[in-house]
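Trainee: Chain by chain, the residues run as shown.
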Amino acid sequence: MAVSTVTSSTPTGRLLTFTGRRIAAVAFVLPLAYLVLAPIFWLQLEALGDGASAYEAEFGRATMPETLISTAWLACGSLAIAMVLGTLLAWSATLLPPRLRFMRILPIFPMILPLVSQVLGWIFLLSPGPGYLNAVLRRLPWWSGLTGGPVDVYSLPWIVIITGVSLTSFVYLFVSAGFQNINSELIESAHVSGSSGIGVFLRVILPIIRPQLLYGAAVALLIGLGQFTVPLLLGRTNGVRVITTEIFMALYGRQPQDPAAAAAIGSPLLVVGVAVVLIQRFLLGNSSRFVTHGGKGFRPVRRSSVLPAVFIGTYLLLSTVAPLVGLVIVALSPYWTSTVVPDALSLDNFRTLFAEPNLVDAIWTSIWVSFLAVCICLPIGFVASSLLLRAKDMPVLRGVLDVLIALPLGVPAVVFGVGFLLTYSREPFFLYGTNWVILVVYVTIMLPFTTRMHMSGMAALGDAYLEASRVCGAGPLRTNLQIVLPLLRGSVGGAAALMFVLLTHEFTASLLVRSTDVQVMGTILYDTFTNGYYPLVASIALIMTVVTFAGAALALLVGGAGTLEDL
Amino acid sequence: MSHLLVTNLHKQFAGKPPTTAIDQLSFEIEEGEFVVLLGPSGCGKTTTLRCLAGLEKADAGTITLGGRTWFDSARRVALPPEKRNIGMVFQSYALWPHMTVRRNIGYPLRARRKKGQDAARWVEEAAALVGCQNLLDRYPAQLSGGQQQRVSLARSLVSRPDLILFDEPLSNLDAKLREDVRAQLHELHRRLRFTAVFVTHDQSEALALAERVAVMREGRFEQIGTPHEVFEHPATEYVADFIGLSVRLEATRTDGITRLAGVAADGRLPAPVRHGEFVLRARPDDLRIGPTAPALPTMTTVPVSIVDKVFGGRTIDVYVRLGEQRVHARIPVDDTYGWVRGLRAGDEVVLGFRPENVRAYASDGAAIVPDEALSPLGS
Chain A
1 MAVSTVTSST
11 PTGRLLTFTG
21 RRIAAVAFVL
31 PLAYLVLAPI
41 FWLQLEALGD
51 GASAYEAEFG
61 RATMPETLIS
71 TAWLACGSLA
81 IAMVLGTLLA
91 WSATLLPPRL
101 RFMRILPIFP
111 MILPLVSQVL
121 GWIFLLSPGP
131 GYLNAVLRRL
141 PWWSGLTGGP
151 VDVYSLPWIV
161 IITGVSLTSF
171 VYLFVSAGFQ
181 NINSELIESA
191 HVSGSSGIGV
201 FLRVILPIIR
211 PQLLYGAAVA
221 LLIGLGQFTV
231 PLLLGRTNGV
241 RVITTEIFMA
251 LYGRQPQDPA
261 AAAAIGSPLL
271 VVGVAVVLIQ
281 RFLLGNSSRF
291 VTHGGKGFRP
301 VRRSSVLPAV
311 FIGTYLLLST
321 VAPLVGLVIV
331 ALSPYWTSTV
341 VPDALSLDNF
351 RTLFAEPNLV
361 DAIWTSIWVS
371 FLAVCICLPI
381 GFVASSLLLR
391 AKDMPVLRGV
401 LDVLIALPLG
411 VPAVVFGVGF
421 LLTYSREPFF
431 LYGTNWVILV
441 VYVTIMLPFT
451 TRMHMSGMAA
461 LGDAYLEASR
471 VCGAGPLRTN
481 LQIVLPLLRG
491 SVGGAAALMF
501 VLLTHEFTAS
511 LLVRSTDVQV
521 MGTILYDTFT
531 NGYYPLVASI
541 ALIMTVVTFA
551 GAALALLVGG
561 AGTLEDL
Chain B
1 MSHLLVTNLH
11 KQFAGKPPTT
21 AIDQLSFEIE
31 EGEFVVLLGP
41 SGCGKTTTLR
51 CLAGLEKADA
61 GTITLGGRTW
71 FDSARRVALP
81 PEKRNIGMVF
91 QSYALWPHMT
101 VRRNIGYPLR
111 ARRKKGQDAA
121 RWVEEAAALV
131 GCQNLLDRYP
141 AQLSGGQQQR
151 VSLARSLVSR
161 PDLILFDEPL
171 SNLDAKLRED
181 VRAQLHELHR
191 RLRFTAVFVT
201 HDQSEALALA
211 ERVAVMREGR
221 FEQIGTPHEV
231 FEHPATEYVA
241 DFIGLSVRLE
251 ATRTDGITRL
261 AGVAADGRLP
271 APVRHGEFVL
281 RARPDDLRIG
291 PTAPALPTMT
301 TVPVSIVDKV
311 FGGRTIDVYV
321 RLGEQRVHAR
331 IPVDDTYGWV
341 RGLRAGDEVV
351 LGFRPENVRA
361 YASDGAAIVP
371 DEALSPLGS
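The listed protein sequences correspond, in order, to chains A and B.
Read in the UniProt record's numbering, the first sequence has 396 at position 396, and its numbers run on one by one without any break.
Read in the UniProt record's numbering, the second sequence has 293 at position 293, and its numbers run on one by one without any break.
There's no promise every hint is true.
What the hints assert, rightly or not - Below, in silico cross-link-like pairs of lysine-lysine (PhoX-like), each with a Cα-Cα straight-line distance of 20 angstroms or less:
{"no.": "1", "chain 1": "B", "residue 1": "K57", "chain 2": "A", "residue 2": "K392"}
{"no.": "2", "chain 1": "B", "residue 1": "K83", "chain 2": "B", "residue 2": "K57"}
{"no.": "3", "chain 1": "B", "residue 1": "K83", "chain 2": "B", "residue 2": "K114"}
{"no.": "4", "chain 1": "B", "residue 1": "K83", "chain 2": "B", "residue 2": "K115"}
{"no.": "5", "chain 1": "A", "residue 1": "K392", "chain 2": "B", "residue 2": "K16"}
It is worth saying that the hints were derived from the structure and are not from the lab.
Given only the sequences and the hints, what does the whole structure look like? Please build it.
Mentor: Structure representation (structure tokens):
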């Protein structure tokens, strides 16, 4: 038996196997490269067409300086709010008394609530005229003379605040992960050395989690810069423009559509996104380093108190519960006015909604396209993270894959969206006008998520289990099927449910590539919103929220409480 | 013909500067032999083991087992681990948490397509060998560290592989358990005669288990021999240090006077007279102290002063100052105990050792072979 194996391992045989592995890896990366790079390529080609005249036209426009300033305000202001709130929330979470530990997961809830629902909820609460909260505030003696306000949710400061509150969850995630990795003895020794609670926080904890703080800040800044949903829904009333809404308007607010203008306006965001991805890649090396390893986490020496719980509860109330309440009231009302008539509340809006075939179609399209995209993304994420973590003999390919995977996260969805539109409305893949375009887009924007989640699972698994399997005589296939997959079951299940959540509330990219016949929940919601029939909008937003929460509950059930933190 | 044959194995790790983990290493292991690779961390022992397993690919060299080529850089042959028919025991045990002990142990058989009654019996037998037959239906998380390591051992034995590799398997166990598992492993090897390569940094483990010990340094074998050879005749000063001859005394001969650490000594030394400068290596246990030189007959002596003494149960650790140097002597608690206990820091005493118990090394670290009759200190 031994002899026969010797003949099978002739030099050429070995050589072929290695080359075969390499060919297979390249064959895997090439389609991904097309998915990610083709949109960016067509986008830039469009922007540079006709002697790059689109740049001159767009950036020479009189409104452009104000647009850029608003964009900067949005990015920096929301970043500042998110950093402060996120860090304080993470710190509060460590101070929770044992029986309230479950509250650590609450600051992540705003990520589950679809952003469109959140924004609509705020409109219903804080719109200057019929906003419920404004109406309540006007009862206060010093505001009693007002007919509108006092809060104008359609103004730039409130766009910044609402964006900041929604970004807080991201910062919270990164900073909490940082806290988890601090050895509690470091904290204890600082206390023993005579530092107070605040002193320990400022002099020991913050410096230790500086990498996570910076990384969280970079992510929040990118999201803030590329933020589209909030300014689109809130900014149009008072003419608050940012780069992302200008991109959208160049395509859908002008006759005829001006893709060159959209591409040109998007260029700064594209450059910043690509630069951040490349800088991260070359400064910090392989992204596997950013996979956090579950540690025991630290327990602060300070006595736990109820105050942190109150703080976290307030955040949840303001970020999630309040907008939801606004949504529910409007969804149950026949029309939206500043006063709530309890007797008039009914489920009529939902009946209307389910009687509209195109609304029902959009809901089903959302669900099954998301499901299909998740099914496609799971094996891609598994293979991609295996390559990134273990294919040490193919450094170039790994580097390329690492950047490819990160790009859809770095480049804002609205910019990518224009690229998708340009790519899939021409040969060889003319998909515009079919559901396939939504599917392809969803797969592309999920690449970073599926890969990261698989990577964190695999990294936590370590090498010893795999090596043990190999020396026991199992080949790579059996090792993956019988050892890696069963051990990753939690991460994979969690990844699936989470991607489903993210996709069912996808709004930005869908809005750019949809057509009259191809609608998902987010796009149908936007159309209903622009038509001004608010109770129906609220109903759709609620349905979107329910679908998303169902997905999230499934994620927690399958993947355990840590799933959401893998993001 | 030897069972496992390794020739000119070489492995570098990229970096600035690149580090050589294995340096042109060649060795042979007979069938049924138990060889221990001993050395400090970073000496290349684990890398060597992983190259044998196929988990790491060497840059150059060949590895063959029973005439079958596992690795040959020139012919570009590198069998993956699963084609090598080996077993391996990991430091972290690496038992798969989602499988019962039975399925863990049976995995190598399933992977090699052995099924049915025979396979089930082999699993039972392997479990019985390590005393785990009553743990078969538990999950690894329900086992103690020692049990896990025994299951891991059973898993490496079950398919009767050509070679079993041990990667510091005992270092995660506490001291008491370590000796138990070590004794069990020794007995198991005596019964089954599997071929084994065992990596450790613990010299007592190496001496207890090995039929041959290879002491590694910077990717090479500094010495390979039976535990007795290595223990009694360390080939170099490095091996001597690693194997427990931790006391180092620089010796010089000038004008017929021999000095140890600069202090004139009296007696014989295991180095021919032609050596003017050399290094003596001794175990603390082989050193004695006495009030005067005549109190230590047949010993080579040198005057020292007491620094400190520490009680250690059956022994007492005495630290003395010899010239500028601190020397550690471990004195058995016997009839001199009363006198030793009365010593105070600063007391002037004499340090002595039997010349046949110490080893001499030239300045390049090579052992100096003593004359038939140990040479007197004077010329």
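Trainee: None of the hints should be skipped; say for each whether it holds.
Mentor: Status of each hint after checking the structure:
Straight-line distance between C-alpha atoms of K57(B) and K392(A) comes to about 11 angstroms, which keeps the hinted pair within the 20 angstroms bound. With a C-alpha separation of about 14 angstroms, the suggested pair K83(B) and K57(B) falls inside the 20 angstroms cut-off, and the hint holds. Distance restraint check for K83(B) and K114(B): the Cα-Cα separation of roughly 15 angstroms lies within the 20 angstroms cut-off, and the hinted pair is therefore satisfied. For a cut-off of 20 angstroms, the pair hint linking K83(B) to K115(B) stands: about 18 angstroms separates their Cα positions.
Taken as a hint, the K392(A) and K16(B) pair is honoured in the structure, with Cα atoms around 18 angstroms apart against an allowance of 20 angstroms.
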